[in-house]
Structure formats: structure tokens, C-alpha cells
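Chains A, B and C supply the protein sequences, listed in that same order. Anchor point for the first sequence: position 183 equals 182 in numbering that gives the first Met the number 0, and the numbering is continuous, going up by one each time. Anchor point for the second sequence: position 305 equals 304 in numbering that gives the first Met the number 0, and the numbering is continuous, going up by one each time. Anchor point for the third sequence: position 83 equals 82 in numbering that gives the first Met the number 0, and the numbering is continuous, going up by one each time.
Hints listed in this document are in silico derivations from the structure and should not be mistaken for laboratory results. Treat the hints with care, as some may be off.
[As the list claims (entries may be wrong)] Computed from the model, here is a short list of chain C residues facing chain A with C-beta under 10 Å: (1) Thr54; (2) Tyr66; (3) Ser154.
[Claimed, not checked] Cut-off 25 Å, straight-line C-alpha distance, at most; resulting in silico cross-link-like pairs (DSS-like, lysine-lysine): (4) B:Lys421 to A:Lys132; (5) A:Lys132 to B:Lys313; (6) A:Lys168 to A:Lys194; (7) A:Lys140 to B:Lys421; (8) A:Lys194 to A:Lys106; (9) B:Lys213 to B:Lys421; (10) A:Lys103 to A:Lys168; (11) B:Lys26 to B:Lys421; (12) A:Lys168 to A:Lys106; (13) B:Lys294 to B:Lys97; (14) B:Lys145 to B:Lys173; (15) C:Lys162 to B:Lys173; (16) A:Lys132 to B:Lys145; (17) B:Lys294 to B:Lys165; (18) B:Lys313 to B:Lys294.
Here a beta-carbon is modelled for each residue, glycine too, at the ideal position from N, C-alpha and C.
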Amino acid sequence: MLSLKQRRSLNTLLMGVLAWGVALAIFFPIFWMLLTSFKTEIDAFATPPQLFFSPTLENYTLVNERSDYLHFAWNSVVVSFGSTIIGMMLAVPAAYSMAFFETKRTKGTLLWMLSTKMLPPVGVLVPIYLIFKDTGLLDTKTGLVIIYTLINLPIMIWMAYTYFKEIPKEVLEAARMDGSTLFQEIWRVLLPMSKGGLAATVLLSLILSWNEAFWSLNLTASEAAPLTALIASYSSPEGLFWAKLSAVSTLACAPILIFGWISQKQLVRGLSFGAVK
Amino acid sequence: MNNKRYLSAVMAVGMTAVASSAMAATKVTIGTVNNGDMVRMQGLSDEFERLHPDIDLNWVVLEENVLRQRLTTDIATDGGQFDVMTIGMYEAPIWGEKGWLTPMEDLPSDYDLSDIFPSVLGGLSSDGTLYALPFYAESSMTFYRKDLFEANGLSMPQQPSWDQMKTFAETLHKPEDEQYGICLRGKAGWGENMALITTMANAFGARWFDENWKPEFTGEEWNNAVSFYVDLLGNYGPPGASSNGFNENLALFNSGKCAMWVDATVAGSFLTDESQSRVAEHIGFALAPEQVTSKGSGWLWSWALAVPVSSDAKEAAKTFITWATSRAYSQLVEETYGIANVPPGTRTSTYDNAEYLEAAPFATRTLEAIGNADPNDSTLNPSPYVGVQFAAIPEFQSIATQVGKLISGALAGSMSVDHALKAAQSITLREMTRARYYSN
Amino acid sequence: MKTTALNAGPASSAAEPKQDSRQGSIRKTSRINRFMVSPSVLVLALWMVIPLSMTIYFSVIRYNLLYPGDNEFVGLENFQFFVTDFGFMAGMSNTLLLVGSVLLITVVLGVLISLLVNQAFWGRGIVRILLISPFFIMPTVNALIWKNLLLHPVSGVFAAIWKFFGATPIDWFSEFPLFSIIMIVSWQWLPFAILLLMTALQSLDQEQQEAARLDGAGPWALFFHLTLPHLARPIAVVVMIETIFLLSIFAEIFTTTGGGPGYETTNLAYLIYSQALLQFDVGLASAGGLIAVVLANIAAFFLVRLIGKSLTEKQ
Numbered sequence: 000m001l002s003l004k005q006r007r008s009l010n011t012l013l014m015g016v017l018a019w020g021v022a023l024a025i026f027f028p029i030f031w032m033l034l035t036s037f038k039t040e041i042d043a044f045a046t047p048p049q050l051f052f053s054p055t056l057e058n059y060t061l062v063n064e065r066s067d068y069l070h071f072a073w074n075s076v077v078v079s080f081g082s083t084i085i086g087m088m089l090a091v092p093a094a095y096s097m098a099f100f101e102t103k104r105t106k107g108t109l110l111w112m113l114s115t116k117m118l119p120p121v122g123v124l125v126p127i128y129l130i131f132k133d134t135g136l137l138d139t140k141t142g143l144v145i146i147y148t149l150i151n152l153p154i155m156i157w158m159a160y161t162y163f164k165e166i167p168k169e170v171l172e173a174a175r176m177d178g179s180t181l182f183q184e185i186w187r188v189l190l191p192m193s194k195g196g197l198a199a200t201v202l203l204s205l206i207l208s209w210n211e212a213f214w215s216l217n218l219t220a221s222e223a224a225p226l227t228a229l230i231a232s233y234s235s236p237e238g239l240f241w242a243k244l245s246a247v248s249t250l251a252c253a254p255i256l257i258f259g260w261i262s263q264k265q266l267v268r269g270l271s272f273g274a275v276k
Numbered sequence: 000m001n002n003k004r005y006l007s008a009v010m011a012v013g014m015t016a017v018a019s020s021a022m023a024a025t026k027v028t029i030g031t032v033n034n035g036d037m038v039r040m041q042g043l044s045d046e047f048e049r050l051h052p053d054i055d056l057n058w059v060v061l062e063e064n065v066l067r068q069r070l071t072t073d074i075a076t077d078g079g080q081f082d083v084m085t086i087g088m089y090e091a092p093i094w095g096e097k098g099w100l101t102p103m104e105d106l107p108s109d110y111d112l113s114d115i116f117p118s119v120l121g122g123l124s125s126d127g128t129l130y131a132l133p134f135y136a137e138s139s140m141t142f143y144r145k146d147l148f149e150a151n152g153l154s155m156p157q158q159p160s161w162d163q164m165k166t167f168a169e170t171l172h173k174p175e176d177e178q179y180g181i182c183l184r185g186k187a188g189w190g191e192n193m194a195l196i197t198t199m200a201n202a203f204g205a206r207w208f209d210e211n212w213k214p215e216f217t218g219e220e221w222n223n224a225v226s227f228y229v230d231l232l233g234n235y236g237p238p239g240a241s242s243n244g245f246n247e248n249l250a251l252f253n254s255g256k257c258a259m260w261v262d263a264t265v266a267g268s269f270l271t272d273e274s275q276s277r278v279a280e281h282i283g284f285a286l287a288p289e290q291v292t293s294k295g296s297g298w299l300w301s302w303a304l305a306v307p308v309s310s311d312a313k314e315a316a317k318t319f320i321t322w323a324t325s326r327a328y329s330q331l332v333e334e335t336y337g338i339a340n341v342p343p344g345t346r347t348s349t350y351d352n353a354e355y356l357e358a359a360p361f362a363t364r365t366l367e368a369i370g371n372a373d374p375n376d377s378t379l380n381p382s383p384y385v386g387v388q389f390a391a392i393p394e395f396q397s398i399a400t401q402v403g404k405l406i407s408g409a410l411a412g413s414m415s416v417d418h419a420l421k422a423a424q425s426i427t428l429r430e431m432t433r434a435r436y437y438s439n
Numbered sequence: 000m001k002t003t004a005l006n007a008g009p010a011s012s013a014a015e016p017k018q019d020s021r022q023g024s025i026r027k028t029s030r031i032n033r034f035m036v037s038p039s040v041l042v043l044a045l046w047m048v049i050p051l052s053m054t055i056y057f058s059v060i061r062y063n064l065l066y067p068g069d070n071e072f073v074g075l076e077n078f079q080f081f082v083t084d085f086g087f088m089a090g091m092s093n094t095l096l097l098v099g100s101v102l103l104i105t106v107v108l109g110v111l112i113s114l115l116v117n118q119a120f121w122g123r124g125i126v127r128i129l130l131i132s133p134f135f136i137m138p139t140v141n142a143l144i145w146k147n148l149l150l151h152p153v154s155g156v157f158a159a160i161w162k163f164f165g166a167t168p169i170d171w172f173s174e175f176p177l178f179s180i181i182m183i184v185s186w187q188w189l190p191f192a193i194l195l196l197m198t199a200l201q202s203l204d205q206e207q208q209e210a211a212r213l214d215g216a217g218p219w220a221l222f223f224h225l226t227l228p229h230l231a232r233p234i235a236v237v238v239m240i241e242t243i244f245l246l247s248i249f250a251e252i253f254t255t256t257g258g259g260p261g262y263e264t265t266n267l268a269y270l271i272y273s274q275a276l277l278q279f280d281v282g283l284a285s286a287g288g289l290i291a292v293v294l295a296n297i298a299a300f301f302l303v304r305l306i307g308k309s310l311t312e313k314q
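Kindly produce the complete structure, drawing on both the sequences and the hints.
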């Protein structure tokens, strides 16, 4: 007969095994892509799919030779971080006043903001293209930053608002009573308390901008094209390309993936969804 | 006190500025697809920049559908983002007629326009003016496994009929050994499955539109063609055929799973390439199948380079495209990548070269197929449109994509051939009515 | 008074003594309030108004990029044409099916998996990283990997597994096209749900849980009465955000099935593309876009009815 303690640890063990199983299953496609990037094109299409094969770096060297990876990567970095920073500068104040000074109009405003995302991009391609053309924003990083800020702003406001709502007003009022200005109140009290939530918001915005593949293809040519365009250039209508595509995808997703992995520790540690003792 | 120094500094800066602006390179932005020949062209752009140090090439490489949409949006809104556009025989006549492309006149004397196949030039012109320079051209043909044919006592004629293809497929279809009788395009798309199906339909005596621009999908010819297609590919083809495009079939054939394949002539270079094909030595070539007629049985397509009128670097762009489609360029490719990789299908001189014919066993058939294809006379009964596997009208893309989806659905078994054709007819009529083709 | 109306929130306890200065600071904060919200509102309003009005204008004229200059007013003809399209009904129902299924899968699995990972076990950090990875991959890459490397009936991994067990491999995109798309999209968005729910669980009040358990509450009761209510708000956020994105899914369909076979995987966004953009009919695309907006608003209206409370109330 197992004691309560023993049953508890067996339980934990089983859960652990199950968790690992699920995680590996979910990660498998990415693992497979990584594996394929080291295969030759023939191996990539072999039946049955090969787990063991002689690895090669030829795909990566080819990508390096054929395209200027750094140019695309830099564009991705500038556009993602740029739009996220500007977005946060607009979103945090808005979310602050909506969370702590709620009015009858707040809910409506929030929903209206979300509704700006309801027009499918395909339907609005030509108007936007015309606007960008007339303002000279075509194929510029500035143009992409502007449009990404606009499409991500509603999400950022929503998420910041949700996290701010978890923080009791009393804490902020206490700071105000102590004589701090509005700015100090936000900077010294609010932001540290909602650090985890804001980090999640920033991460989400970065991912959305990094992976955005409609505007980044249609509004850029050679100057401002980010990594999504690089991936698009490896999709060949005539010829085998799985291995090369896996290699270029790994290169394109790696930066944001690594960034996310590193930062998620901060995220998970600091997030509080409402437990302020 | 320091005025003299200041002045000389300003002059120095000024002179450098003047000098460097005289040396400032013209930027040429090129939009292209990711086919092997284009990739090679990109690889050789250093050579071009060496010959023309005042021109700076920038590449935008995209997948075909995305590229087409991108280029069309740009050229129609006068965007000016691209100086060189890679377009096909579908866009060239349409855009040329609208005055969006710079006419290709006053070409250098050593360019030798007469060396290029007339049908290819014709497909890229409108009203007698050439609007794009062909980079490479292709038709379609039959590829088959010589070893499997020998082993089964079969013999492939120069131009088989579709009925004959069916008999071959029946014999060679051994799914338990992962050997499929025939591989054909099934993936929906106006340039994917519809390219093949249109040539099949042509061979069965069908046409897209009659002289009054009314579609004929409910007619006997289309019914025969599509029923035959669904039956052939469904019974003797690989699993998942309805989502197989060119690439998927190429991969299947290269790994030895297809006994026969009817597709683009450029596939020949991939199939005979030992570094990617397991069956490189066993490839046989025949013309694309006929049935009641051989008109329009092999398609004609060319990727060409054009200069939009909205470009701000027209001269430099024209210099580039004349270089990239010239005989000297073919020679450069020969020296750098080997003679079998010379851009095919455009110049007679390529095919007069015995070395090329030897290195590329598919070359003679390709030449024949291109010679037989005539965009102005591709159907048994007269038709009002230009194009073998497409109709060069703006509405065609959307119509053919929808019809392609229907036929792909019929192949996948989600609807009957009858239903698919009836739906195709209504859809096409609807679109053509909206586009005001019928004056009533 | 005007200022108090703008500041209607839960009444603060320590209010009375400093009435005057508080009214002064209320006035100040309400001004700041408006000032802080305005930039975002202004920016979004511009963003909405300009393209939207252009879209409305285009939707009532005849405007095809390939026939420039032929721009007469045609009233509701574009809308009529779009709505009578053969794929319209399918497009609508597929959109709703897609959104609903992915929401269901990601929320249910998200809750289960985040509960699973909530307890400490060896390597939990790595497991968490593995779980959130798919969200970082580009949707087009995602679709290509699934289509070619995993689901391909001849050379895919799934096919190999099926053959290993002696069964015939399934041709996913022909036999279960919509389900395949749902699978791919769910895989992409599940990490998002897991991330948000996982972090929410971190802040679950442990003392409350212990107390309830000591009182004799079983695991199910604990789950329904303590855990789930606590997760209500993050679930609501996940649902809202995912819905907005899932309504206009395009890349995955474009890369894999092209909307087919037939219309089985065509959703509204793809319909706009294949009907309008493919033939550069801007008028039709605009009309389709507006119809999509109307439908999205209807969906959001019902959604807010369902979960709105959890979103804006304090726990």
C-alpha cells in the first residue's frame, strides 16, 4: 500500500511523463523541419522518411550565397522592434486610463478598437497600396513600422488593459497619496507590478510583426523586405526545395524563437494574474 | 583667419559630391520567380554589374502567384516599384495592349531577333509590337520510363494518343510496389492542373469559348476529356493526386514512383540530373498525347522580361534584359553551369548546337513540341482567344482557378464530373456576363 | 457634475476629508485620462476611417485594375455578385466552423495542458519552452511543413506511421481538407493559449486551494469552483484575440489547399482573394471586405454577450 506521500510522488512522476510526451509531440514538426534542413533534397523526399541520414550543410551555404540574410534579418528586427516600441508608447497610457478610470464609454472603445482589425487585409490591399504609393511609403521600413503599429495596437491595448485590471487601485492611490506625480506613479509602481503581463504583450507584438506575411510581401520590394520575403523567395514552382526551405525557415525563425525562449522565463516568473496579498 | 582652409574644405567636399554623383549607380529592381534558370541569372548578376558598373541590380524573388499579384498591383497603380518584371505569355499581350509596357524596339544589332522562335515572339506581342524579351520557353511533353516499358514489352510511339496512354498505365500500375501507372497534375490552379487539362481538352476537340465567348463545358468534348482525366488519374495515379502539382510529381518521378508523366518540357533537365533523380538514365521522351486532334496538345509558355512604363530606370532596365536574353548570356551560362543548363526554348541557335543536343536528351523533343504549339490556332474548332493552355483575357485567371478547383474536387471524389462541369459552365457564364462580354 | 460623471469607477474609501483637493485632482485626472487615451484613439480612428472610406467608395463603383478609367457607379451590384457566388455559403460556414473548432481545441487543450504543467517536475522549464515554440513559426512555413513533410500521403511522417501499423495512409488534404487546416491552425495557436493560461495558473491562490482540500473538496470540485473561475479572464482574452485573427486566416489555406477541393476549405478571406483579387476586381474585393466586416461584427457581438462580463469586471 502506498502512503499518501508516495502516491503523491507517483502522481507527479506520471504527470511529468505525460507532460514530456505532450511537449515532444507538439514540438515534433519543428524538430522535423530542423532535421530536414540538414538533408539533401533527395533525402528530404525519401520514403520512408529518414531519421538517420548523412547530414550536410549545403542548404545553409546555399542560402547564404544566394541571399543576403543579414539584410532581411535587419529589416525584420527594425520593423518588429520599432512597431512594438511605438505601439507600447501609445498603448500603455491608453490602457492605464481605461483600466483605472473606467467610464461608460470604455468598453465600447475597447470593442471598437478590436473591430478595426475585422477587415480582411485582402479586401483592403489596393486602397492601402494607393495610400502608400502617394505618400512615398512603398518599400520603406517606416511604412512597415507604421502599418504594423496600427494593426497591433488594439491587441496591445487589450492585453495591457487586462493585466492592469488585475492591479488593485488602492496600491496606486497609496502612491499618489504619498505625493508622487502621475508619471512616477506609472513608472515606479505600475510598471514593475505588471512587468510580466507587459512582457507578454511585447512578446506577442514582436511575434506578430516578425511573422506577418501579407503586408510585408505586398508593400516592399528590395529595400525594406523582411525575413518573410526571404522565405517567400524559396518557394519554387518548379523544382525541389524542401530541404532548402527548411534551412531558410530555420534561419528566419531562429532569432525570434531564441528571443522568445530566453524571455519566457522572465514572463512566467513575473506574471501575476491578480494575486496581490 | 581660417577662411582659406574653410574654403578649400568646402571646395573639396563639393568636388567629391559632384564626382560621386556622376558615379552614382542607377538602381534597377527586378521582380522574378524562383525557377532554376532565374536563380542562375541571379547568380550571374555579378558578371553584369562588372560589365556595367553604373547599374546596381536589386532582386525581389517571389512565388509565381504572389509575384503575379504583386506585379499587377504595381503596374496597374503606376507604383513604379519595379524596373524589370518577369511576366509570362498571359500578361504580356494584355499589358502590352494597355500601354503599360515599354515596346521592345531598337534592340542592338547583335541581339538577333530572327534567332528567336516566331511562335514565342508572337506570344509576347500585341498587335505586332513585341513587349517582352523571352528568357526561356517551354511546351509540354510525355516522359516515360524506358526500362519499365522494355520490361513489359511496351513501345511508346512518337506521339501517343490518350487511349494508348491509358492502356500503358493499366499495365504499369503496381501500387503495391509503389509504382504508379501515370502521374499528372491534379492541384487546382489556372497554371497548375488547368494547364494540363486544357491541353487534354484541346486534344479531345474542345475549346474554352466559342466565337461568341460562350463557354462550352457542358458540351460533349469537355465531358469526354474531363471524364477520361478523372478516370485515368484516379485509377492509375498516385494517392493524393488531387493536390499534386509540378513539384510533387517531379519528386515522385525522380524517386522512381511514376511510369509516365505529361508535363512541362523543362522537367527534362531535372529528370535527367543524376544529383536529384534516381532514374536519370531511364527517361524516354515523346510528344504530349493527342486524341481526336493534335492541335493544342502541347502547351506554350514563356517567362519573359519586360520593362514597365512606370519605371524610372528604363534605359538601364532595357540594357539588363537585352543582356539576360542574349546569345552571349547563354554562352556565359554554358561556361559557368554547363551546357545542359542553358535557358531552353527560345533560340534556334541553341538547338543548332550539337553539343547541346547531346548534353540534353530532351532537347529535340522540346524543339518539336515548341514548334507545334501555336497560340493563335490551338483548338479544333475556331476560338476567339489567343493561347494554348489559357485564354489571354484578364478574366481567365479567376475563372480557370475556380474551374480548376471543381475538377480537382471531381478527381478527389467530392463531386461527380457532371456536376463539376455544370458548375464550371455557370461560373464562367456568370463571370463573363459581369465582365460585359455579352452585349445584351 | 461633469467631472464625477467621467470618473465613475468603484468608489474609493478614503474620499471625504479632502473633498476640495480631490475634486481638483479628479478634474486633473480626467483631463489626463482623455489625454492619454486620445493618441491611440486618434491614430486608430485615422487608420480605420481612411482605408475604410476608400473601401466603401470602391465597393459601389466598378473598378478593375485591368480596366482603368472604367469607373462608373454601380450601386449594390458588387455586393450582389459577391453574395450570389457559388462559394459564398460555403465560405461563411467554413469561416465559422474554422474559428469555432480552433477556439474549442485551443482552449480545452490549453487548459488541460497548462494544468498538467502547473506542478513541478523534472525539466519543467524545457517542457514549457517546447510547448510554446510553434507560435513563433511563420504561418506559411508552418503550412508548408505540415503539408509536405508531415501530411503528404506518400512521403510524409504520418503516412510512415500509418504504414508501420499496416494501414493505408490517409490523403489528408483530399479526404479531410477542412480538418487538416483546423489541425494546422490549432497547432499554431495552442501555444498562445497555453502561455496565457499557464501564467495565469501561477497566480492561483495556493492557500485557498489547501484550505478547500482540507475541507474535503475533491479534485473536480476544486477545478470547477476555484481554478476555472480564476481562469475565466485569461480564457476570455484568448478567445477574443484568437477570434480576431482566425476570422481572416489566409496564408495557411493559400499554401495548402487553395480553397479546395471544391469550396471545402474556402473561407471568406480566401473567397475575396479568389473572386476579386485574382482578377484584380477592386470593387468586388471591397464589397467582399465590407461583408466580412459585417459578419465579424455579428460574431463579435455574440461573443461579447457570452464572455464580456469576465473581460471587464474585477475578479
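Agreement of B:Lys313 and B:Lys294 with the hint, judged by alpha carbon distance not exceeding 25 Å = violated (39 Å)
query = Taking only the CA atoms, is the gap from A:Lys132 to B:Lys313 under or equal to 25 Å?
reply = The given pair, whose Cα atoms are some 19 Å apart, holds under the 25 Å limit.
ask   = Given the proposed pairing of B:Lys294 with B:Lys97, does the C-alpha separation stay at or below 25 Å?
value = violated (30 Å)
ask   = When you check the alpha-carbon spacing of B:Lys421 and A:Lys132, does it fall within 25 Å?
value = violated (43 Å)
query = Does the structure keep B:Lys145 and B:Lys173 at a Cα separation of 25 Å or less?
reply = holds (16 Å)
message = Checking one constraint from the list: CA of B:Lys213 to CA of B:Lys421, max 25 Å. Satisfied?
response = The given pair, whose Cα atoms are some 14 Å apart, holds under the 25 Å limit.
query = Within 25 Å, alpha carbon to alpha carbon, are C:Lys162 and B:Lys173?
reply = Within the cut-off at roughly 17 Å; holds.
ask   = Going straight from one Cα to the other, do A:Lys168 and A:Lys194 come out at no more than 25 Å?
value = With a Cα-Cα distance of about 17 Å, the restraint between A:Lys168 and A:Lys194 holds, given a limit of 25 Å.
Restraint status (C-alpha distance of A:Lys132 to B:Lys145 at most 25 Å) = violated (56 Å)
ask   = Are B:Lys294 and B:Lys165 close enough, with their CA atoms no more than 25 Å apart?
value = holds (20 Å)
query = Would the stated hint for C:Ser154 survive a check requiring a Cβ distance to chain A of less than 10 Å?
reply = holds (5 Å)
query = Given the hint that B:Lys26 pairs with B:Lys421, does the C-alpha gap stay at or below 25 Å?
reply = violated (51 Å)
Checked against the numbered hints above, the structure breaks hints 2, 4, 7, 11, 13, 16, 18 and satisfies the rest.
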